[in-house]
Amino acid sequence: AQKVTQAQTEISVVEKEDVTLDCVYETRDTTYYLFWYKQPPSGELVFLIRRNSFDEQNEISGRYSWNFQKSTSSFNFTITASQVVDSAVYFCALSGPTNAGKSTFGDGTTLTVKP
Amino acid sequence: GAGVSQSPRYKVAKRGQDVALRCDPISGHVSLFWYQQALGQGPEFLTYFQNEAQLDKSGLPSDRFFAERPEGSVSTLKIQRTQQEDSAVYLCASSLRGPGLAWNEQFFGPGTRLTVL
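One line per chain: the protein sequences are D and Y, in this order.
Read in order, the letters of the first sequence correspond to residues -14 to 100 in our numbering.
Read in order, the letters of the second sequence correspond to residues 1324 to 1440 in our numbering.
Note that these hints are calculated values from the structure, not bench results.
Heads up, the beta-carbon is just placed ideally off N, CA and C, and yes, glycines get one too.
Just so you know, not all the hints are guaranteed correct.
Facing chain Y, from chain D, some residues (calculated, C-beta under 10 Å) [stated by the list, open to error]:
{"#": "1", "residue": "V(-11)"}
{"#": "2", "residue": "Y22"}
{"#": "3", "residue": "Q24"}
{"#": "4", "residue": "C77"}
{"#": "5", "residue": "T95"}
Here are the simulated DSSO-like pairs of lysine-lysine, each with C-alpha atoms no more than 30 Å apart in a straight line [what the hints assert, rightly or not]:
{"#": "6", "chain 1": "D", "residue 1": "K(-12)", "chain 2": "D", "residue 2": "K23"}
{"#": "7", "chain 1": "Y", "residue 1": "K1401", "chain 2": "D", "residue 2": "K23"}
{"#": "8", "chain 1": "Y", "residue 1": "K1380", "chain 2": "D", "residue 2": "K(-12)"}
{"#": "9", "chain 1": "D", "residue 1": "K1", "chain 2": "D", "residue 2": "K23"}
{"#": "10", "chain 1": "Y", "residue 1": "K1380", "chain 2": "D", "residue 2": "K23"}
{"#": "11", "chain 1": "Y", "residue 1": "K1337", "chain 2": "Y", "residue 2": "K1401"}
{"#": "12", "chain 1": "Y", "residue 1": "K1334", "chain 2": "Y", "residue 2": "K1380"}
{"#": "13", "chain 1": "Y", "residue 1": "K1401", "chain 2": "Y", "residue 2": "K1334"}
{"#": "14", "chain 1": "Y", "residue 1": "K1401", "chain 2": "D", "residue 2": "K(-12)"}
{"#": "15", "chain 1": "D", "residue 1": "K23", "chain 2": "Y", "residue 2": "K1334"}
{"#": "16", "chain 1": "Y", "residue 1": "K1380", "chain 2": "Y", "residue 2": "K1401"}
Work out the full structure: start from the sequences and follow the hints.
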């Protein structure tokens, strides 16, 4: 069975603050993919990043960075210098071969960035 | 290029009514997924198609839920005799290739918000 836990239900920060969204996962697969999606109020899920379980290099894309630690089964997401437009629900997801490509999602973290 | 589209965007049904939700995937995408997203929760898998074949329907909550993709493109999710617990956002996603290959990104539609009164 696969499971994704996002312990933070809601986070509120003031613009320009850094914020980290936590994600912890469980899987029996040795090969798997991890994802982060953004869901703005419009409802559409927007893909942000995927990480192969073999690649533990941290990644930075602009103000976004991801910290994958296989030893602790965590895939945390940091937004640097947050902006009001970052306000959304963020989902962490997991996909592995035993699930034939379908994704298991966490319950999401609602991020509110105040001006 | 067009993304994944879903219709209707909003649907209100009286309990006991049948509803049909439509998904138009990205042209040429082999895989199509349906997810159900209850309020305050993450999407949960319902069913998966590879072309016209429904390869996995393990997530369908009851036999009132039925999905089809007869020509391997457009898909319809049908819910018979709707119940209040069916109220949720139904998301459709498509991806270019089938499972078992190198990962390929799922593109999600905007969803259909179903409210059962």
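Verification of the hints:
1. V(-11): 8 Å, holds
2. Y22: Cβ of Y22 of chain D sits 8 Å from chain Y, so the hint holds.
3. Q24: Check passed: Cβ of Q24 of chain D comes within 9 Å of chain Y, closer than 10 Å.
4. C77: Cβ of C77 of chain D sits 8 Å from chain Y, so the hint holds.
5. T95: With a closest approach of 9 Å, the T95 of chain D hint holds.
6. D:K(-12) - D:K23: Judged against 30 Å, a Cα distance of about 19 Å means the pair holds.
7. Y:K1401 - D:K23: Satisfied, since the Cα-Cα distance of roughly 27 Å is no more than 30 Å.
8. Y:K1380 - D:K(-12): 19 Å, holds
9. D:K1 - D:K23: Within the cut-off at roughly 19 Å; holds.
10. Y:K1380 - D:K23: 26 Å, holds
11. Y:K1337 - Y:K1401: Given that 30 Å is the threshold and the Cα spacing comes to 15 Å, the pair holds.
12. Y:K1334 - Y:K1380: 23 Å, holds
13. Y:K1401 - Y:K1334: 13 Å, holds
14. Y:K1401 - D:K(-12): Holds. K1401 of chain Y to K(-12) of chain D sits at ~28 Å (cutoff 30 Å).
15. D:K23 - Y:K1334: Within the cut-off at roughly 24 Å; holds.
16. Y:K1380 - Y:K1401: OK: K1380 of chain Y and K1401 of chain Y at ~13 Å, within 30 Å.
Of the numbered hints given earlier, the model fails none.
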